[in-house]
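Chains as they are written, first to last, in this note's numbering: chain X, 1 to 125; chain A, 1001 to 1311.
Just so you know, the hints here were simulated from the structure itself, not pulled from any lab data.
From the three backbone atoms N, C-alpha and C, an ideal C-beta is built for every residue, glycine too.
Zero decoy hints are in this set.
Restraint-style ranges between C-beta atoms, simulated for each label pair:
| hint | chain 1 | residue 1 | chain 2 | residue 2 | range |
| --- | --- | --- | --- | --- | --- |
| 1 | X | 84 | A | 1221 | 21 to 31 Å |
| 2 | A | 1007 | X | 118 | 33 to 43 Å |
| 3 | A | 1011 | X | 48 | 33 to 43 Å |
| 4 | A | 1243 | X | 84 | 34 to 44 Å |
With a cut-off of at most 27 Å between alpha-carbon atoms, the simulated DSSO-like pairs for lysine-lysine come out as follows:
| hint | chain 1 | residue 1 | chain 2 | residue 2 |
| --- | --- | --- | --- | --- |
| 5 | X | 42 | A | 1306 |
| 6 | X | 49 | A | 1301 |
| 7 | X | 49 | A | 1308 |
| 8 | X | 69 | A | 1308 |
| 9 | X | 100 | A | 1214 |
| 10 | A | 1092 | A | 1112 |
| 11 | A | 1308 | X | 42 |
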Amino acid sequence: MLLDEILNFNSLVSIDVAIYAAALAGYLRMRQVAFRPPNPEKAFSLLEKSLEKAFPGLPEGFTWREAMKKVEALDLDVDLAEVEKALRQYEAWRYGESVKPEEVNAEVVRLARRLSQGGAKWQRP
Amino acid sequence: MAETLKERVLREVSKVVVGREQEAELLLVCFLAKGHVLLEGVPGVSKTLLAKTFARCVNLRYGRVQFTPDMLPLDIIGGFIFNMKTREFDFKKGPVFTNILLADEINRAPPKVQSALLEAMQELQVTVEGHTEALPSPFMIIATQNPIEFQGVYPLPEGQVDRFMARVGLDYPAKPVEHTIVRHNLSKVDFMDAQPVVEWSELEEAFGEVAGVKVSEEIVDYLAEFARASRLDVRVRLGASPRSIVHLVHCARAYAFLQGRDFVIPDDIKYLAPYVLVHRLRLDRAAIAKGGATDAYEVLKETLDKVKPPR
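Here chain X stands alone, though its shape is the one from the complex:
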């Protein structure tokens, strides 16, 4: 009788652990998917949202360059030279009828992720 109860209790705990682990994995996966934009356009859209979240004082009329100046001041562990390069390509397409960039720049996504996570904890030591 006692053994049965212990076994039941243990199995319940296992099931609970399994459920929570699955939920956590799902949540993490969802976050990853949310930060895996399919194209550069989406990546910059994601970055825009992250910038708005990280800098609530940014006016409605902010530009990429103005926002990037604020990002520079944060000194995050992101390669901003790469972000700048991607931004130039994006601008050339967006405003200059240049070829649409095909690949999503990893540093742009990384920056968006860092900013959405608050930024401060990713500052360089």
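Assemble chain A onto chain X, guided by the hints.
Only chain A this time, still in chain X's reference frame:
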């Protein structure tokens, strides 16, 4: 090529005028955008020297007119003089017939003289007694005025001010710059120390490239929305005119070209808007009295911050 042109002009200008790189760049922007510039500042901040040096660097014909209260339009645009030999009236061109005209202390001349420049500035021609004469191309007026004088000056009317593509204010320099100016002026400084660094063919090419700088539909929309917002602001009596927005987009093209781009980005617009628009905005007196706004620059900046650019 663009970087080289800009760098060369700025380098030569800075040989004579210390600490005015930004202002010199704005002169170059307006020159490439085929606009006129109003340099505004208290006496002794190198307005005239900057204009003279810039004109020398771009290697074009340059003329200077010192505006005075007793001037007549004839002194600027020219007029018909009787030729004793031919027994006919010949048109004698005034100093406006040049490539770069320095209109020094423009607000010292009476309105009829200031108005004589309107046609020249807008249509690049002058008409005297039904006779129309085209001005040389390119043609640029660099006017200077002291904003704090009240005695013996004639403030420029709105219509005249609107014809200036940009107004560039020259403030007192910062302490380190002032230090350099003093050091620099211990030996004789002459604008002739700056050398002409641009060839005409290069300028022609640059004008062509500026005309080819792309302005996307969304940027045009942004400009239109911004112009509308500036007029709807209750604190503003006179907002951005259509001409001012056209000037702004031309300036943005020239600026983009000098930055090595062949397209305009919203940052170009935001950077140049104060230079192109502040002198045209007129604030509502009631709003000023209520403390709603004291400065056209602040109002413009707030408007720019409210209008969402394409991102």
